[in-house]
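> So the sequences go chain by chain: A and B.
Heads up: the first sequence is residues 1 to 282, going by the numbering used here.
Heads up: the second sequence is residues 1001 to 1268, going by the numbering used here.
Since the hints were derived computationally from the structure, they do not count as laboratory data.
Incorrect hints may have been included.
Restraint-style ranges between C-beta atoms, simulated for each label pair [said to hold, decoys possible]:
(1) Asp158/A to Leu1242/B: 44 to 50 angstroms
(2) Pro1263/B to Asp55/A: 39 to 45 angstroms
(3) Glu57/A to Arg1114/B: 17 to 23 angstroms
(4) Ser165/A to Ala1037/B: 48 to 54 angstroms
(5) Pro1263/B to Ile152/A: 22 to 28 angstroms
(6) Thr1158/B to Gly155/A: 31 to 37 angstroms
(7) Gly1020/B to Ala157/A: 25 to 31 angstroms
(8) Asp1248/B to Glu57/A: 56 to 62 angstroms
The beta-carbon is built from N, C-alpha and C at its ideal position, and this holds for glycine as well.
The residues making up each chain are set out below.
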Amino acid sequence: MQTALRTSLPETELAGRATFAPHARVVREERQEEHRVQASGLPLSIRGLRKSFGDNEVLRGIDLHIPAGQFVAIVGKSGCGKSTLLRLIAGLDKIDAGSISFGQEIQPEDIRVMFQEPRLLPWARVLANVEVGLGRDRASSDAHARAEKALIEVGLADKRDQWPSVLSGGQKQRVALGRALVSRPRVLAFDEPLGALDALTRISMQRLLERVWRDQGFTAILVTHDVSEAVALADRVLVIEEGRIAHDVTVNAARPRQRGSAELAGLEGSILSHLLSADDRT
Amino acid sequence: MSLIDSISLPRSIRLPRADGLIQWIVPLAIIAVWQVASVTGFVPTRVLPAPSDVVLAGWKLLVSGELVRNIWVSFWRASVGFLIGGSIGFAFGLANGLSQLSARLTDTTLQMVRNVPHLALIPLVILRFGIDESAKLFLVALGVFFPIYLNTLHGIRTVDPQLIEMGRIYGMTDGELFRRVIFPGALPSIFVGIRFALGIMWLTLIVAETIAASSGLGYMAMQAREFMLIDVVVLSILIYALLGKLADSASRVLERLTLSWHPAFQKR
Ligand SMILES: Nc1ncnc2c1ncn2[C@@H]1O[C@H](COP(=O)(O)OP(=O)(O)OP(=O)(O)O)[C@@H](O)[C@H]1O
Ligand SMILES: [Mg+2]
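Construct all of the structure, not just a fragment, from the sequences and the given hints.
Right under this line is the structure:
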């Protein structure tokens, strides 16, 4: 019904709305090509990346190319350096050796990170928390409107005037996602963003992540310890072992993906066995 | 406890009605029992005058204008001393919380001074300032300084580093980071300091006025003691209690207004 209505709207208005209205998927898909060209994903090239903390050599030469708009998941056993890699990509820590390049000059607003903890300001209402994500555009006149759009996108428009402390864990994480999305980033890095959520909330958040990624076409890098989450969401799963990328597994399953399908289960099994055999060796 | 239950922002500015009454039941009952005990001679009035006598003494002093003058003098000393000591403490707390250099430079010294009970300085202060206003202001300011300094410092140091990192990631400038993350994060602790400081403020003032003053509530009580006017002594004590309660309530209202985001201050 809604979709039908929208398709009868004039072209210009469509473009504006399609980006945010979850119901307008039909329209959106037609325009996806165009959309990706103008906004979205940046490619990412990492060469010989190294990082140590004191004597602890965490990353020992990472080489990786991620095409624009790809959804990459990074798995590996605890302490193998997943978060370290992500923080380097996001520019939060200093690189020891090697390089990370995005193929062009980037703005700080182009890269956003989401952590396991929502990191919301407890003393700011939900909307104000999302506005923080605008970075240097915070003061601009359309800040409110943009933050509201982002809230609609993550399905929390009705919570805009609440304090974070009254939200559930999943809702807080959705606000954090809205804050990360509001500046229309071109690379979005997630460090176990769903790690603290219960199973059901996780699944609905995974769907939300996939949806906004498909809508906006940013390059997504997801660190997770849940291999089934990795194969459900990603185009490609990287396994990190001993500071290097040990396996690079492509997930070709068509989207939307069927959870628990034989294809995904098979991939999940083989990635798990990589992880476990690495564990046995040490 | 009653406060935490009753907190809800829009209503909280007017005192919550039910709780407002409940908290006065016990003091009123005590006064009633006291009056009965005095009238029946159970408590000799030489030891403790009846509440009615205290009220009468209060009325006389009020009519003569002496009461208002003394309360005003004490109130003025308390608030000016508090403002001076509080702002210096706050400034040092900020500086040492935000700057390693400043902390290394001054924190050890301040911690050493803190271990001297400030009331022990009274003889010294009298020698230096005599009994004029600056002596009292100095003592109150000194007493108030430390709780505010320590709690501001603690508040700033314990702001969640993850929030600070978040602010940096999202491109906040130093000023914004302070205004939007560090200061609001330190505020609950700062209020703890203020509440402590208010208690110390009255204590210091009572002692200072009792020992070295020629006006103010403490002085009034000392004078009354010399003339054996025990009802005036009791009156002064009650007024101190009332002023202390008022200061505490004021800080609580302020706290509720500024910390309305805090889970402890939200509607259940
Ligand atoms: N700031 C730091 N200072 C010193 N050592 C660090 C620091 N950050 C990480 N490390 C070390 O680097 C190694 C990798 O840490 P990292 O957080 O990247 O692991 P991870 O793969 O994200 O693990 P997990 O799955 O448990 O989150 C660990 O041995 C950790 O102790
Ligand atoms: Mg980690």
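> Now look at each hint and say whether the structure bears it out.
A quick look at each hint next to the structure:
1. Asp158/A to Leu1242/B: 44 to 50 angstroms: Once the Cβ atoms are compared, 47 angstroms apart, the range 44 to 50 angstroms for Leu1242/B and Asp158/A holds.
2. Pro1263/B to Asp55/A: 39 to 45 angstroms: holds (43 angstroms)
3. Glu57/A to Arg1114/B: 17 to 23 angstroms: violated (46 angstroms)
4. Ser165/A to Ala1037/B: 48 to 54 angstroms: Because 49 angstroms falls inside the window, the suggested range holds.
5. Pro1263/B to Ile152/A: 22 to 28 angstroms: The hinted range 22 to 28 angstroms holds for Pro1263/B and Ile152/A, with Cβ atoms some 27 angstroms apart.
6. Thr1158/B to Gly155/A: 31 to 37 angstroms: Given a distance of about 34 angstroms, which is inside 31 to 37 angstroms, the answer is holds.
7. Gly1020/B to Ala157/A: 25 to 31 angstroms: violated (38 angstroms)
8. Asp1248/B to Glu57/A: 56 to 62 angstroms: At roughly 57 angstroms between Cβ atoms, Glu57/A and Asp1248/B fall inside 56 to 62 angstroms, so the hint holds.
Taken one by one, the earlier hints fail for this structure at numbers 3 and 7, listed in ascending order.
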